[in-house]
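Peer 1: Spelled out from the first residue to the last, the chains are:
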Amino acid sequence: MVDYLHKRKRIFLASGMVLCLAAMLLSIFPGVRPTVLERTLAFVVIPLQRGAQSSVAWVQGRFSAITDNARLLNENADLREENARLLFEIEQLILAGEENYTLTALLEMRQRFPELPTIGARVIAQNPGVLRSRFTIESGTRDGVYAQMPVLAGDAVKGVVRYAAHRHAEVITIFDSDFSVAVHSVRAEVSGIVRGDTQLARDGLVRMDFISDTANIMPGDLLVTSVYSLIFPPGLPVGTVVSVHPNPDGLTRHALIEPAAGTDRPQMVLVVAELPIAEDYQAQES
Amino acid sequence: MLRIFLLAMLLLANFIAQTTLWPELAILGVVPDTAVILIVSYGMLRGEIEGAIFGLAVGLVADIFTGVHVGTYALMGFVMGYVSGKPFKDYFKDNFFLPFFVVMVMMVLSQLLAYMVHIVFVGRLEFWFFVHAVALPTMVYTAALAIPLYSFLHYCNNKVEAYEEKRRAFFENK
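Top line first, the protein sequences correspond to chains B and F.
Sequential numbering of the first sequence, starting at 1, is according to the numbering used here.
Sequential numbering of the second sequence, starting at 1, is according to the numbering used here.
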């Protein structure tokens with residue numbers, strides 16, 4: 001065959017070129033495509049192309065980490081930087097959210113006791129100790145905070161100012177054994193004294209004493225500050241009765257109270273100012 | 001028969017590589033035209049008739065799948081195979097540099113032809129832009145692959161010729 005064509009080179013050359021030119025001219029007309037040939041070739045070529053493309057993609061995937069090393073390093077550095085920035089922003093947002101929460105709570109407290117003159121104070125330190133029953137606020141006599149002023153957290157009694165310096169003050173909480181407040185049961189019309197107890201404080205409880213043996217007090221009763229309290233204004237929630245126990249003398253009983261202000265250290269507290277006894281301290285100190 | 005089978009495999013492998021592998025290895029947006037290397041190499045190894053037929057087949061496959069106008073690449077392949085086979089019938093086949101230069105020359109011609117085809121069928125294209133953005137990088141990239149591909153084809157051709165010689169001798173002795 002090849003030998004035959006070698007003898008007729010000119011014819012071969014001419015026919016080849018004419019064939020190609022004819023194909024070119026034919027293909028100018030729309031709709032004229034070698035569909036049978038195309039389909040036959042596609043039957044073989046397409047699966048091979050698909051396989052080759054998959055192989056190339058696989059190889060590229062394997063080596064992309066090497067070829068894109070510099071780009072990946074830069075991208076990694078950028079992402080780390082962005083991550084650090086975003087973490088910082090998230091931290092700021094969390095802090096702002098917490099501050100917003102406490103300020104809202106403080107505002108609600110102020111709105112709940114509009115007749116009470118109050119001073120908002122930030123808790124700046126938890127005083128060391130086993131029970132951690134004392135903390136420091138950043139308001140002092142400079143801001144109108146004096147010893148024996150009631151301290152509220154949320155809408156409940158949290159403690160009392162034990163000592164006030166010029167720029168700060170120390171607060172003893174309801175769990176502290178030095179703390180006591182006259183209380184009154186809203187439902188049972190029973191009065192008593194709530195005070196901190198070192199052992200009960202571990203369980204997040206305080207003790208109510210001087211309950212008459214005949215008093216109709218029971219678990220779930222809400223206790224508020226009594227009109228007999230010299231420090232606290234009447235009607236402030238103190239806690240809820242958890243259990244009632246008889247005393248050895250057989251004449252009185254005591255109750256275990258869960259403080260309404262909770263056991264957590266608050267971030268902001270409200271100091272009730274201008275109470276008679278505090279004014280006495282104020283006069284003494286000045 | 002073995003030769004036809006091998007050429008078909010070569011044609012297919014080249015087409016698949018040109019449509020899948022080479023685009024992934026593109027440099028400055030250009031891909032090597034290995035079809036030109038194969039056509040030129042085969043034409044130089046086997047003469048103008050076989051070169052032209054192989055060129056026609058390679059071009060036709062490219063035309064059918066990628067060409068807008070069937071016959072363009074086929075004509076280019078046909079002419080290239082014939083021209084590269086005609087003057088180098090009796091040259092020393094182990095000389096790898098001659099195919100390199102012939103590939104370069106054929107690349108220039110094929111790029112010029114591609115430019116003209118573009119002008120005729122697609123539209124105006126600035127010549128110098130085409131030269132420095134397409135033609136020159138493609139030529140350089142293709143030329144870089146000319147010697148290894150020619151070597152491979154030369155090796156395959158030797159093997160097939162040895163097989164054919166043995167087969168011919170077998171039938172003649174019978």
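Since the hints were derived computationally from the structure, they do not count as laboratory data.
A portion of the hints provided could be inaccurate.
As the list claims (entries may be wrong) - The list that follows gives simulated cross-link-like pairs (lysine to any residue, SDA-like), each with its CA atoms no further than 25 Å apart:
1. B/K9 <-> F/K166
2. B/K7 <-> F/K93
3. F/K86 <-> B/R10
4. F/K86 <-> B/G154
5. F/K86 <-> B/L251
6. F/K86 <-> F/E24
7. B/K9 <-> F/R3
8. F/K86 <-> B/A84
9. B/K7 <-> F/Y91
10. F/K159 <-> B/L21
11. B/K9 <-> F/N157
12. B/K9 <-> F/P23
13. B/K9 <-> F/F152
14. B/K7 <-> F/F152
15. F/K166 <-> B/R10
16. B/K7 <-> F/A26
17. F/K166 <-> B/F12
18. B/K9 <-> F/G47
Please read these numbers as outputs of a predicted model, since none were measured by experiment.
Peer 1: Given the hinted pair B/K9 and F/P23, is their Cα-Cα distance within 25 Å?
Peer 2: 37 Å, violated
Peer 1: F/K86 and B/G154 were given as a pair; does the straight-line alpha-carbon distance stay at or below 25 Å?
Peer 2: The hint is violated at about 102 Å.
Peer 1: So if I understand the rule, the pair passes when the alpha-carbon distance is 25 Å or less; does B/K7 with F/Y91 pass?
Peer 2: 21 Å, holds
Peer 1: Given the proposed pairing of F/K86 with F/E24, does the C-alpha separation stay at or below 25 Å?
Peer 2: 35 Å, violated
Peer 1: Take a quick look at whether F/K86 and B/R10 sit within 25 Å of each other, Cα to Cα.
Peer 2: With a Cα-Cα distance of about 12 Å, the restraint between F/K86 and B/R10 holds, given a limit of 25 Å.
Peer 1: For the pair supplied as a hint, B/K7 and F/A26, confirm whether the alpha-carbon distance does not exceed 25 Å.
Peer 2: 43 Å, violated
Peer 1: Taking only the CA atoms, is the gap from B/K9 to F/G47 under or equal to 25 Å?
Peer 2: Roughly 12 Å between the alpha carbons, so the hint for B/K9 and F/G47 holds.
Peer 1: Taking only the CA atoms, is the gap from B/K9 to F/R3 under or equal to 25 Å?
Peer 2: The given pair, whose Cα atoms are some 22 Å apart, holds under the 25 Å limit.
Peer 1: Is F/K166 close enough to B/R10, meaning Cα to Cα at most 25 Å?
Peer 2: 32 Å, violated
Peer 1: Below or equal to 25 Å on CA atoms is what counts here, so check F/K159 against B/L21.
Peer 2: 36 Å, violated
Peer 1: Does F/F152 lie within 25 Å of B/K7 when you go C-alpha to C-alpha?
Peer 2: Measuring from Cα to Cα gives roughly 30 Å; hence the hint is violated.
Peer 1: Next pair to validate is F/K166 with B/F12; report whether the Cα-Cα distance is within 25 Å.
Peer 2: Violated, at roughly 30 Å.
Violated hints, in rising order: 1, 4, 5, 6, 8, 10, 12, 13, 14, 15, 16 and 17; the structure is consistent with all others.
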